[in-house]
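Take the two lone chains, each set in its own frame, and fit them into one complex as the hints suggest.
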Amino acid sequence: MGFTSLEPNKLIGHVDDMNASKLSRWLFAIFLLMNVAVFAMALVLPGFRSVAYAPLRELLLPPPSPIVVTVLYSTEKEEWLNEAVASFEATRPTYQGHPIQIKLTKMGSREMVLAVLDGNQKPVVLSPASSLQATILQDLSISRDGTALVRAQDPVSCRSVLQTPLVLVMWSERAAVLWGENPNGTLWLRLQEAVVNERGWEAYGHPEWGYIKFGHTSPLKSNSGFMTILLMTYNYFGKSSGLTEQDILGNRDYQAWFQSFEGSISSFGDSTGTYMKDIVAYGPSMYDVVAVYEATAIEQAQNAMGRYGELRFYYPPLTVLSDHPFCVLDADWVAPEQAAAANLFIDYLLSRPMQERALLQYGFRPADASIAIDQPGSPFLRYASSGLRLNLPPLAQLPSGNVLNTLLEFWDRTIRR
Amino acid sequence: MNRSFRLFAAWLILSLILSACGSSGALLSKQVKIQLVYGSEKQEWLDPLVQSFNASRTKTEDGAVIVVEAVPMGSIETMDAILAGSLQPTVWSPASSLYLPVAESEWRKNHAEELVAAPPKDLVLSPVVIAMWKPMAEVLGWPDQPIGWADIAALATSPEGWAAFGYPEWGQFKLGHTHPEFSNSGLMAVVAQAYAGANKQRGLTLQDLSDPKVQQFMADVQLSIIHYGTSTGFFGTRMFERGPSYLSAAVLYENLIVAQETKRLNGQSQQLPVIAIYPKEGTFWSNHPYVILNAPWVTAQQRQAAEVFQNFLLAEPQQRSAMQLGFRPANPNLALGAPLDMDHGVDIRQPKTVLEVPSAEVVLGSQALWRQTKKPVDLVVVMDTSGSMAGAKISAARASLGQFVDLLDDRDRLQVILFSSKVTELTPLSELGPKRDDVKRRISGIVEGGNTSLYDAVGLAYQQLQRDGDPRHIRAVVVLSDGQDTSSNLGLDQVTEQISALGEDPGNAIKLFTIGYGKDVDEDVLSSLAEITGGKYYQSSPDNIQKIYAEIATFF
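In order, the protein sequences belong to chains A and B.
FYI, the numbering used here numbers position 292 of the first sequence as 292, with every residue one higher than the one before it.
FYI, the numbering used here numbers position 545 of the second sequence as 1545, with every residue one higher than the one before it.
Isolated chain B (complex conformation) (with noise of 0.2 Å):
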C-alpha cells in the first residue's frame, strides 16, 4: 500500500514536470528554421552575429527556436538560383538594390506573386569607389581636385601611362572591377561609366547606351582593366595584397578600404596607404536591402522570424560592430565616426550626389555593352588527359570544358593543349568566333592515357602566349591537372621562373589559374605557382568542374 502510494506520487510529480515541460517548450522544443542567402561582402560582420544570435535561442512570438543558416554567394549567381527555384532562401540580402527590379521582372514571368512584396530595409550603407593608392591619387589631385570617370578614361588611354605624370616606374593605369553580370560592384561600375560617357546623371536611356560616344567612353575604361572576377571582397583583398604594380585603382566598397587601413595602421599591412575617390559623376550606395523574400517556399512563420533577426542586426550593438569594419550603420541613430574617417581613407562628406537607378532593361542594356566594349581574352586552356584520368573524371572535364567554351565571346582568342606523356596542341590560339563548332566537337572526342607532363605543358602554354599573345587583351592560362608530375623535362624551379620573371607590369601578365582535379595533386605545387601569376587555384571533382571553369570565366 504504502509502496505503491509512493509509486503513485512519484508518477504524478514526474507527469507534472514533463507536462510543465512540455508547456515551455523545454523538452518539445519547436524550431524554425531560416536560411539567409548574402552577398559575401559582408560575411565578415554576419558571422559572428549569426553564431551570437543562434546561441541567444531567440524565440518566434508564438515559441518557436529561431536558428538562422547564413550562406554567402554572389549576388546574381543567387538571383539565378532563386529564379530557377533551384535555392530556396528565406532572405536574400544582396549588395545592392540595383538588381531587384530585373529580379522581381525575371521572377513575374512566372508567378502571379511579387517576389519583393514590401520594400525591404538596408542592413548597412557603402558607397561605391574607387580605391587608389594613396601617392598615385595625389599625383592626379586628390584631395583637392574632383577626380571621376573622365580622369580614368584619359589615363587609361594614355599609352605613356603613370610615366605622362613623371611616374614611369608606375608603369600602365591599371584598373580592376568585378564582372558586371556576376556582381554588384562590377555592375554599378559599368553603369556609372555609361553615365559618365553620355555626360548624364540620371534619366539614362537605351538610346544613350547605342550612342558610339558612350559606346568608345567605356571602350576606353575598359582598356586599363587587368581581369574581371566575381568577388569584390576578392578584389580588395588582391589589390592590398599584391600592390601598386599589380593594380593602380580598383572599383570596390568603401567599407574595404577602412578594413585595410585599419590593418596597415595596426601593422598588419605593410602596403602604401590607400584612399577613396568618390566618382565626381556621381555613384551608387550599396545598401544591402534584407529582403524577405515572398515566395511559396517562404511559410508565415519563416517570415515572423525573419523579422525577428532583421531587428537584430539594425540595433544599435550590431550596427556599431558593422561601423568597426568601415559600413556606414543603416541605423540612423548611430552618428558617424571612427574609423570612417581621412585616417583610413574615407571621407563622409562624400558622394556629393548619387547617379539614378536606372530601369531594369537600362541595367541589362548596359551589361550588354560592356559585353560589346570589354577587354577580349586570350586564353589558353592546358588539359591533363594522363590514364589517371580514366573514368568519371574524363567525361565530366569534357563536358565541362565544352560548356566553359560556350561562356567565352566570339571575339576571345583561345588556344587548347592536352597533355598525357607527351604535349599536344586541340588547338592553335586564335579568334573563337568561326571555330567554336569544331573546337566543341573536338573537345568531346578527347581521350585519356598515359603519364602526366604537366611542368612541360605549362611552360610551352606560357612561352606561346607570351609570343602570340595581345598585351592589350586579358592574358590567362587554365591548367587542369589531376596528379603530380610524373614525366617532364622541366623542373618545377624551372617553370616558377619562367611564369615569374617576366619583366613586365605584373598587373598585365599573363595570369595562370590552376584547378586541381581530385585528390592526388599536389595542392601546393598548384596554388604556388597560380599565386606567383595573380591567378587563383582551385580544388575541384568531378562533381563541381563546372562550377570552377564557371567561377574562373567571370575573371575575363
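If we strip away everything but chain A, and leave its shape as in the complex, we get (with noise of 0.2 Å):
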C-alpha cells in the first residue's frame, strides 16, 4: 500500500526518488533498531516476545522457558485430567509470556502425602481424592516443621474441582432379601450384623450365596476405603460431628465391633476402580456388596446391567466427599510463577466446559454450584431408578488430622493384612 502511495513521485524527478529511498533507509533502520530493542527486552521479559517481529523472532530469539506445573494427583480423576491438561495445552496458555507445561503423575491419596512429607515428590500442586489428606498433610508438617505445606481449609490455596459421595452399591436381587428399601440410617449397622453372621446368606433364606461378601479398599492406600472406616465408625456413635482419639482408643465395644466387621473381609485392594471392575465382571459370585465411589459406580452401571443384572445404590446416612481438592503448595521449591500458573490451570478445571464433561461423560459432581446435575443427558436422571439420587445425604464434620491419623493408625494395627 505504502509504495503505491509514493508512485506518483516518479513523475517528480530524481531528487525525489532520492529522499524516498533516504526515507526508507531511515525506516528500515528505525525497524531494525526496534526490532534489537524488542528481542534485548524478550530475552529478559519474555513477555515482550510475542510483540517481536514474527518471523524474525522465531529465527533469532530461544523459545522462552517453560514454566512447569507439577501436579500429583489421585487416579479416579485419571481419564478426565488427562483430557483436560490436551485441551488446556492446546489453548497455548502462556503466564507472562512463558508457556505452561503441565506434568501429571498418578498416585495413591495416601502415598503422595506421605511422599510429599518425606521430601521424595516436590510438585506444584497436590491433589488427593480428598480433603482427608490435604488436613492430614497439614496437620503433620506442622507438627514437624511448625509451618503448614498446604492449608487444607483456604478456599484459595485449596480448591475442590470435582466432587463425589461414597455409596454402597449392591446386587439388586440380593440387597432386596438383605434389607429391602433404603435402611437409610442403619445402613452400617445392618451391613455389620449380616457380614459376621457366621451363617452368612443362609440366615437371609439364601444358602446357595453362600457368605455375605463385602469390599472396600484398604484405608491406608485408597481414599474410599479411609471414606468408609470413618462413616462405619461416626454411624457406631450415632453422631455426625466431634468424633475424638478417646471415642477410638478408649471404647472396647466400638472396638470389637469394628474389628469384627473388618475381620469378615478377606482381603484389601489398592484401587476403588478395580472393586468397581470386579463387581461387574465377576458378578455377584465374588461381591454382594462394595463401597466405592459414586461416580466410580455410575461409570460402570451401564456394564453391570450386561453382565449380571442391576447394581443399586445405596447412601449412607452421613457421608463425606471426595472432592478433590487442587491445593497449591505453601513449600519452598514452588516459585511464585508456578503457583500462578497452576492457578491458571485449575481456573481453566473449574470452567463450565470442563465440569460439565465431568459430570455428562465421568458421572461426577461439579463443583461449580450453577450447574445442575439433573439436565439433560446426565447420568443423574439416567439412574435415578437405581436408587441414584441428587441430594446428598448430610455431611459428616471433617474431623482434625490427628484424629483420622488414630483412626487410621488403628486400622493398621488391629485389621491390615
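Incorrect hints may appear among the rest.
[To be verified] Distance condition first, Cα-Cα at most 27 Å in a straight line; then the derived BS3-like pairs of lysine-lysine:
| no. | chain 1 | residue 1 | chain 2 | residue 2 |
| --- | --- | --- | --- | --- |
| 1 | B | Lys-1519 | B | Lys-1422 |
| 2 | A | Lys-221 | B | Lys-1121 |
| 3 | B | Lys-1375 | B | Lys-1121 |
| 4 | B | Lys-1352 | B | Lys-1213 |
| 5 | B | Lys-1547 | B | Lys-1519 |
| 6 | A | Lys-103 | A | Lys-221 |
| 7 | B | Lys-1121 | A | Lys-106 |
| 8 | B | Lys-1059 | A | Lys-106 |
| 9 | B | Lys-1030 | B | Lys-1059 |
| 10 | B | Lys-1440 | B | Lys-1393 |
| 11 | B | Lys-1375 | A | Lys-103 |
| 12 | B | Lys-1109 | A | Lys-221 |
| 13 | B | Lys-1536 | B | Lys-1440 |
[What the hints assert, rightly or not] Non-contacting residues of chain B with respect to chain A, defined by C-beta distances greater than 12 Å in every case (computed):
| no. | residue |
| --- | --- |
| 14 | Asn-1054 |
| 15 | Pro-1273 |
| 16 | Thr-1299 |
| 17 | Gly-1459 |
| 18 | Arg-1472 |
| 19 | Ser-1487 |
[What the hints assert, rightly or not] Among the chain A residues that face chain B by a calculated CB cut under 8 Å, a handful are:
| no. | residue |
| --- | --- |
| 20 | Tyr-204 |
| 21 | Glu-208 |
| 22 | Arg-307 |
Calculated from the structure, these hints are not laboratory results.
Here the structure is a predicted model, which is why all the values come from computation and not from measurement.
Note that beta-carbon positions come from the ideal geometry of N, C-alpha and C, so glycine has one too.
Here you go:
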C-alpha cells in the first residue's frame, strides 16, 4: 500500500527519488533498532516476545523457558484430567509470556501425602481424592516443621474441583433380600450384622449365596477405604461431628464391633476402580456389596446390566465427599510464577465446559454449583431408578488430622493383613 | 566439475535419506522383546493374537518395535522355574491367582523386592466347574437340584455306582481332575474338597485340614479318580473324545465346555452334550492374571512393552474373541452373550458364590493332604535294554528312571520289567516304601545287550498287572523302547487285543504310557498302543527323558 501511494513521485524526478530511498533507509533502520530493542527486552522479559516481528522472532530468539507445573493426582480422575490437560495445553496457555506445561503424576492419595512429607516428591500442586488427606498433610507438616505445607481449609490455596460421595453398590436381587428398601440410618449397623453372621446368606433364606461378601479398599492405600471406616465409625457412635481420639482408642465395644466388621473381609485392595470393575466382571459370586465412589459406580452401571443385572446405589446416613481439592503447596520449592500458572490451570478445570464434561461423561458432581446435575443427558437422571440421588445426605464433619491419623493407625494395627 | 557436482548432490541426497530413516527408525530399527509364559488353557485365544500383534509392529513410547514371544507352560512348573531362575520371562500369566501368594512367599526368601509388585490385571475369566455328561447330570437332578462336592463324594463311595440310579450300563462313577501339584484346576479342586469336607466356605485353617472328617471326605472323592495329569485342556479333550464310559465328570474350566459344545453343535463332535455343574458349596475363578514380573531381569523398556501388549489383550476386539472361545471377558464393557448360554452347557447366572482364597500355608497344606489321601498307583515300568541302547541312551534312561521312582509315594506299588531278547523282572509288584533304595540301586546297575522283544514285554506287564493289581488303585504301565520289535513271540495284533478287550469300565482300565526313545522307533505302533488304553505317547531322547518321566508321573 505504502509503495503505491508513492508512485506519483516517480514523475517528480531524481531528487525526490533520492529522498524516498533515504526515507525508506531511515525507516528500515528504525525498524531494525526497534527489533533489537524488543529482542533484548524479550530476552529479559518473555512477555515482550509476542510483540517481536514474528519471522525473525522464531529465527533469532531462543524459545522462552516454560513454567512447569507438576501435579500429583489420585487415580479416580485420571481420564478426565488427561483430557483436561490436553485441551488446556491446546490453548497455548502462558504466564508472563512463558508457556505453561502441566506434568501429571498419578499416585495413591495417602502415598502422595507421605511422599511430599518425606521430600521424595516436590510437586507444585497436590490433588488427593479428598480433603481428608490434605488435612493430614497440613497437620503433620505443622507438627513437624511448625509451618503448613498446605492450607487445606483455605478456599484460595485448596480449591475443590470435582465432588463425589461414597456409596454402597449392591446387586439388586440380593439387596432386596438383605434390607428391602433403603435402610437409611441403620445402613452400616445392618451391614455389620449381616457380614459377621457365620451363617451368611443362609440366615436370610439363601444358603446358595454363601457368606456375605463386602469389599472396600485399604484405608492406608486408598481414600474410599478411609472414608468407609470413618463413616462406619460415625454411624457406630451415632454422631455427625466431634469424633475424638478417645472414641477410637478408649471404647472397647466400638473396637470389637469394628474389628469383627472388618475381620469379615478377606483382603483389601488398592484401587476403588478395581473393586467396581471386579464386582461387574465377576458378578455376585465375588462381591455382594462394595463401598465405592458414586462416580466410579456410575461409570460401570451400564456394564453391570449387560453382565449380571442391576446394581443399586445406597447412600450412608452421613457422607463425606471425595472433593478432589487442587492444592497449591506453600513450599520453598514452589516459585511464585509456578503458583500463578497453577492457578490458571485450576481456573481452567473449573470452567463450565470442563465441569460439564466431568458430569456428563464421568458422573462427578461439578464443584460449580450453578451447573445443574439433572440436566438432559446427565447420568443422575439415567440411573435415578437404581437409587442414584440428586441430593446428598448430610455431611459428616471432617475431624482434625490427628483424629484421622489415629483412626488409620488403629486400622493398621488391628486389621491390616 | 559438472560430474563431481552431480556426485556431490547424489551423496547429499543419500545422506539426507539415510539420516531421515535413522531418525524414524526404519533402517536402524530398535526392538524390544518380551517373553510371556502362560497357562496353556488360553493358547487357542493367545496364539493368533500374538501373531497379529507382532505383525502390527506396535512400538513403545520410545519407538522400539515390540516383539512378543509367548510360551504355553503349566502354571506351577513355570513358578518353580522362575523361582529357580532357570526361566526369566517378562510376563507370567498362570490360569489363576491362587498360587501367586505361594510364589511370592518363596521368592521373598531370596529377594528383597516383591515378585508381584502391583496387583495384576485379569485377562479373561472362567469359573472352575465340574463338567458332566448331560444325561448323568439330569439323573442327579440337574438343573433344578443344586449339585456339589458332597454329592460327588457320595457317588464316589457308592459300590453300585450309577446302578444305584438305575443306570448300571454307566458303570462306576469316574472323576478326573489334574494333579494339584502341577495344575491350577487340580489345586482348586482339592482346596474346594477340603472346604466341602470342613463344611466351610471361608476361613479354612490348617487345623481343619488335620480333622479326620475332612481327610475322609477328600479320600472319598479321590476314590473315583481315574488318573491325574498336568493339563486341564488335556483332560477336557480326553473326556470329550472318549465319552461317558471313560469319564463321568471332570473338573474343568467353564470355557472348555463352551468350546466342546460349540464343536458338537457344529457337527464336529458326535458326543453326548456336556454341561457345567457349579458346585453348590462355591467355587473359584480362574482369572488369568497378567503378572509383569518385578524381577531383576525385566528392564523398564520391557515393562513398558508388556503394558502395551496387556492393553491390546484387554481391548474390546480381543476380549470379544475370548468370549467366542467360551471365556467370560475381563473387560466389563463387554456384555455377556452367546455362546455363554444354556445351549452351550453353561449358565452365566452361576456361580452363586466363591470360596475364600486361603492363605499360602493352607494352600500348601491342602496339597499335602491330597498326597496323603490320593489314590495309590500300581505301576509297571517296562524298559528296553536291547543292544541299541548302548552309550548315552542307557545312562540317561537309568538316571531318569531313578528320579522317576523318587516321584512316587511310599504307598504306591511298583514293578520293573526289563526286556531285550528276553523279558526279566527287576522287581515284582509290591509297595515301594520298604524297597525304594534297593530298587534305585538295581536300576543304576542296568546293562544293555540283545534284541527287542517289545510286544512280549508289554503283554506280560499287562497280564501280571491285570492279575495282581488292585482295581481300586490307578493302574498303569510305562514302556520305554528305542526300536522296533525284533524278537517277540506275540504279534502286534495279539498285544493290541490283550490290552483293549478287557471288558471293564474303560476309564478304570490299565493305562499304557509309551515313550519312543530316539529316532528308530515305530511311532505309529507306540502311539496307537497308548491311545487304545487312554494313556499317552511321548517322543523322547536322552536330552528330555527326565522331563517326560516327570510328566508321566503327574498322571498318578
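Status of the hints after comparison with the structure:
1. The suggested pairing of B:Lys-1519 with B:Lys-1422 holds, with an alpha-carbon distance near 23 Å, which does not exceed 27 Å.
2. A C-alpha spacing of about 18 Å is found between A:Lys-221 and B:Lys-1121, which places the hinted pair at or below 27 Å, so the restraint holds.
3. Annotation: proposed proximity of B:Lys-1375 to B:Lys-1121 is violated, straight-line Cα distance about 37 Å (limit 27 Å).
4. Pair hint B:Lys-1352 plus B:Lys-1213 holds up; C-alpha atoms about 26 Å apart against a cutoff of 27 Å.
5. For the suggested pair B:Lys-1547 and B:Lys-1519, the alpha carbons sit about 18 Å apart, so the restraint of at most 27 Å is met.
6. Note on A:Lys-103 and A:Lys-221: the hinted pairing holds, with a Cα-Cα distance of about 23 Å set against a maximum of 27 Å.
7. Restraint check for B:Lys-1121 and A:Lys-106: the C-alpha separation of about 18 Å stays at or below 27 Å, so the hint holds.
8. Restraint check for B:Lys-1059 and A:Lys-106: the C-alpha separation of about 23 Å stays at or below 27 Å, so the hint holds.
9. Between B:Lys-1030 and B:Lys-1059 the alpha-carbon distance is near 9 Å, which keeps this suggested pair within the 27 Å criterion.
10. Our distance criterion of 27 Å between C-alpha atoms is met by B:Lys-1440 and B:Lys-1393, whose separation comes to about 18 Å.
11. Distance hint between B:Lys-1375 and A:Lys-103 is unfulfilled; the C-alpha atoms sit about 62 Å from each other, more than 27 Å.
12. Distance check on the hinted pair: B:Lys-1109 and A:Lys-221 sit about 25 Å apart at the alpha-carbon level, within 27 Å; holds.
13. For a cut-off of 27 Å, the pair hint linking B:Lys-1536 to B:Lys-1440 stands: about 25 Å separates their Cα positions.
14. For B:Asn-1054, the condition that its CB be more than 12 Å from all CB atoms of chain A holds, with the nearest at approximately 28 Å.
15. Consistency note on B:Pro-1273: stated as away from chain A, and its beta-carbon is indeed over 12 Å from all of that chain's, at 24 Å minimum.
16. With a least CB separation of 21 Å from chain A, B:Thr-1299 remains clear of the 12 Å interface cut-off, as annotated.
17. Interface exclusion of B:Gly-1459 from chain A stands, the closest Cβ pair being 52 Å apart, more than 12 Å.
18. The beta carbon of B:Arg-1472 sits about 34 Å from the closest Cβ of chain A, which is more than 12 Å, so the claim that it is off the interface holds.
19. B:Ser-1487, annotated as away from the interface, keeps every beta carbon of chain A farther than 12 Å; the closest lies near 61 Å.
20. Because the closest C-beta pair between A:Tyr-204 and chain B is about 13 Å apart, greater than 8 Å, the hint is violated.
21. Residue-level restraint check for A:Glu-208 holds (minimum Cβ-Cβ distance to chain B is 5 Å; threshold 8 Å).
22. Here the hint on A:Arg-307 is kept, as its CB sits about 5 Å from the closest CB of chain B, short of 8 Å.
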